[in-house]
Amino acid sequence: MFTGSTRPTHRRVRDSAPLAVGDSLERRAAASSLLAGFGSSTLRAKLLVPPARAMGEGGELAAEKHVRYIVTVEKKKDSFESLVMEHIRLNGAYWGLTTLDLLHKLDAVDAGEVIQWIMSCYHPESGGFGGNVGHDPHVLYTLSAVQVLCLFDRLDVLDVDKVADYVSGLQNEDGSFSGDIWGEVDTRFSYIVICTLALLHRLHKINVQKAVDYIVSCKNLDGGFGAMPGGESHAGQIFCCVGALAITGSLHHIDRDLLGWWLCERQCKEGGLNGRPEKLADVKFRCPFLKLFMFFITLSWHHRFD
Amino acid sequence: MSHSKALLILCPDMLTAWNSRKMVLSVSYDFTKLKDELQLCTMILSYSPKNESTWSHRRWVIKKVSEHHQDMSGLIERESLLVKEIAEKSKMNYRAWRHRCWLISYMTREQVLDELKKSARWNELHVADNCCFHYRRSLLLALLDSRCIEGENSLDYKSEVHLLWKEELRWNEMLIRRYQGRESLWIHRRFLSQWWVKFLLSGEEMECCAAGISLVDLFLSQEIYLLSDCLNVPADEFGEACIQAELAALYILWISKQVPAVKPQLEERLHSLGSLEDVLARACPERSRLWTHLIA
Chain F
1 MFTGSTRPTH RRVRDSAPLA VGDSLERRAA ASSLLAGFGS STLRAKLLVP PARAMGEGGE
61 LAAEKHVRYI VTVEKKKDSF ESLVMEHIRL NGAYWGLTTL DLLHKLDAVD AGEVIQWIMS
121 CYHPESGGFG GNVGHDPHVL YTLSAVQVLC LFDRLDVLDV DKVADYVSGL QNEDGSFSGD
181 IWGEVDTRFS YIVICTLALL HRLHKINVQK AVDYIVSCKN LDGGFGAMPG GESHAGQIFC
241 CVGALAITGS LHHIDRDLLG WWLCERQCKE GGLNGRPEKL ADVKFRCPFL KLFMFFITLS
301 WHHRFD
Chain R
1001 MSHSKALLIL CPDMLTAWNS RKMVLSVSYD FTKLKDELQL CTMILSYSPK NESTWSHRRW
1061 VIKKVSEHHQ DMSGLIERES LLVKEIAEKS KMNYRAWRHR CWLISYMTRE QVLDELKKSA
1121 RWNELHVADN CCFHYRRSLL LALLDSRCIE GENSLDYKSE VHLLWKEELR WNEMLIRRYQ
1181 GRESLWIHRR FLSQWWVKFL LSGEEMECCA AGISLVDLFL SQEIYLLSDC LNVPADEFGE
1241 ACIQAELAAL YILWISKQVP AVKPQLEERL HSLGSLEDVL ARACPERSRL WTHLIA
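Going line by line, the protein sequences match chains F and R. In this text, residue positions in the first sequence follow the numbering used here: the first is 1, and each later residue adds one. In this text, residue positions in the second sequence follow the numbering used here: the first is 1001, and each later residue adds one.
Extracted from the complex, chain F is given alone in its bound form (with noise of 0.2 angstroms):
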């Protein structure tokens, strides 16, 4: 058991994460902040569109509550609502400690009780990371694994090349990704294992060129991006398909007036963005949108954007 709290430096390692040689800095800048994946919904519902009670007096963000919140979910484990969610605590555990370490809070917990935790959702035999405590393995956990201990700045902990040849070993002839042992495919997929593979440094361990052509088969007339090829375009598997193709320098396959157009379209009369045409705004999607965002302001195309 570690005791004492660990400065975060993944800073560090996303500046390190492996990028395209060639790339400008300010590629390099947008796909950084892409290989930090989804965000907490916590800090995306409350900073993104703060309701009035998440705000203090002065208007400022009432981030003690916040971490007060966190913390009391975190030692909450046998409500009800907990227990239903117990086989994907590891994903909540990094939209948690995002939140934390966003608000300079992250020795708020005890690092060597979380790591140590992190470790026990490890399978040896695969490589791969289940949800909670003997839970099956799948590529959603092993991410939300690896972003964890990098928070912490902890990845010496892992068999890094264990992890990397379980999620390399999902490639499909394809190039596709499945999410486990039994085979669904998705583009989502495609990102979550370039993304972990990005922050192990060990990119190499699959076919990349066979990984950014199945992506691209998978991009629509409106330049969007779907799940499969043929997929309806929406935003969450955009950022997905996005991101996968800025970590491996491949930005040079999306159609950016095209996509631009889409995601402007996205924009609602009150301001608010949707994930796909005839959709309600939802504030879900003002997290992925910033990142694409972000990587728009590199392409030249962010003062389209109202």
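Be a bit skeptical, because a hint or two may be false.
When the alpha-carbon atoms are kept at most 30 angstroms apart in a straight line, the in silico DSSO-like pairs for lysine-lysine are as follows [to be verified]:
1) Lys1005/R / Lys75/F
2) Lys1091/R / Lys279/F
3) Lys269/F / Lys1089/R
4) Lys1084/R / Lys1035/R
5) Lys1064/R / Lys1050/R
6) Lys1022/R / Lys1035/R
Hint data in this document are derived by calculation from the structure and do not stem from the laboratory.
Since chain F is already given, all that's left is putting chain R on it; use the hints.
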């Protein structure tokens, strides 16, 4: 199996429980047990229609069945019907419609044609559901792919698709005129027109009509006429006329960008309404940053 069933009824996205069932079902092929598995999924989807793990498990079961059965048409038809029923209660359900699009790869050409025909009525009653129009686009694309089949039927297939496409354009225009300001209808038209104009351009020398006007010119004139009607709809209290004008203007911009070869012809046909820029400035001033860049 009964324990995992109880767990999944309570918590359908518990992958570990689904996996344990897959392990048992993988021991030996049993069609009855796989059918029961589909029933369990159907029951869970009745109260949790967006649950990705359940849809994924369903696909795993169907793949297993397809490994042992040549004729999947009955199963695929029932699956498609299931999605339709779920979509009725759970609108714009991305996961459900993704599943329905996935089924297309198992459909025969006749089934695809049948699906196009049968789903038209549902679409007419759900014009704001972009998913169902995306499904139609997937069916049309599947027909285009099957056109590549060699043999004596390929020419028949080609003419059949062209007739279908023309009819789809006509039907889409009817819906656009009837239901003002529906984004999903205009997005469907963007797809249809883009392919149609490119097709007309590729066969231009062979297919001029009797008056000597090219078919592309004729089609573009009709689209400008539609635009003009949409720009002149009287304002309504719901603002739908405004949205209709905006979507119509952006549609013309779409064609000019996606098929640059017809841009001069479009500009020429637009002249009575002003330039494309004038039209966009009048119809969608709020998106000026977007179209200013796209026009440049």
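Do the hints match the structure? See the list:
Restraint check for Lys1005/R and Lys75/F: satisfied, since their Cα atoms lie roughly 29 angstroms apart, inside the 30 angstroms limit. Between the alpha carbons of Lys1091/R and Lys279/F the distance comes to roughly 10 angstroms, so the proposed pair stays at or under 30 angstroms and holds. For the hint pairing Lys269/F with Lys1089/R, the CA-to-CA distance comes to about 27 angstroms; that is within 30 angstroms, so the pair holds. Between Lys1084/R and Lys1035/R, the direct Cα distance comes to roughly 19 angstroms. Compliance with the 30 angstroms bound is thereby established for this hinted pair.
Distance hint between Lys1064/R and Lys1050/R is fulfilled; the C-alpha atoms sit about 23 angstroms from each other, no more than 30 angstroms. For a cut-off of 30 angstroms, the pair hint linking Lys1022/R to Lys1035/R stands: about 13 angstroms separates their Cα positions.
Hint compliance for this structure: no hint is broken.
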